[in-house]
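Visitor: In this text, residue positions in the sequence shown follow numbering that gives the first Met the number 0: the first is 0, and each later residue adds one.
The reader is advised that the hints may include incorrect statements.
[Stated by the list, open to error] Simulated DEER-style distance windows between Cβ atoms: (1) Gln42 x Lys2: 51 to 61 Å; (2) Ile4 x Ala38: 46 to 56 Å; (3) Leu7 x Glu44: 52 to 62 Å; (4) Met22 x Tyr43: 23 to 33 Å; (5) Lys2 x Arg41: 51 to 61 Å.
Derived by calculation from the structure, the hints in this document are not laboratory data.
Positions of the beta carbon are idealized from the N, C-alpha and C atoms, including for glycine.
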Amino acid sequence: MKKFIIYLFYKINVVLYILLYIMSLKLFQSVKIIERWIAYFRQYEIKISPL
Numbered sequence: 000m001k002k003f004i005i006y007l008f009y010k011i012n013v014v015l016y017i018l019l020y021i022m023s024l025k026l027f028q029s030v031k032i033i034e035r036w037i038a039y040f041r042q043y044e045i046k047i048s049p050l
């Protein structure tokens, strides 16, 4: 019985770890996208400022 509980706990941990990994990847991607947008808007501002 104890072995089964440990096994179950391990399984849950693995699933949580995978979920956390996926979430962090998605977060990283969204941060990258936001950085790209900021860079784009900065370029746009530079183009507008002389006018």
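Visitor: If a hint holds in the structure, say so; if it does not, say that too.
Guide: Results of checking the hints against the structure:
1. Gln42 x Lys2: 51 to 61 Å: 60 Å, holds
2. Ile4 x Ala38: 46 to 56 Å: 51 Å, holds
3. Leu7 x Glu44: 52 to 62 Å: 55 Å, holds
4. Met22 x Tyr43: 23 to 33 Å: At 31 Å between Cβs, range holds.
5. Lys2 x Arg41: 51 to 61 Å: Holds: the Cβ-Cβ distance is about 58 Å, inside 51 to 61 Å.
Consistency with the previously given hints is maintained throughout, with no hint failing.
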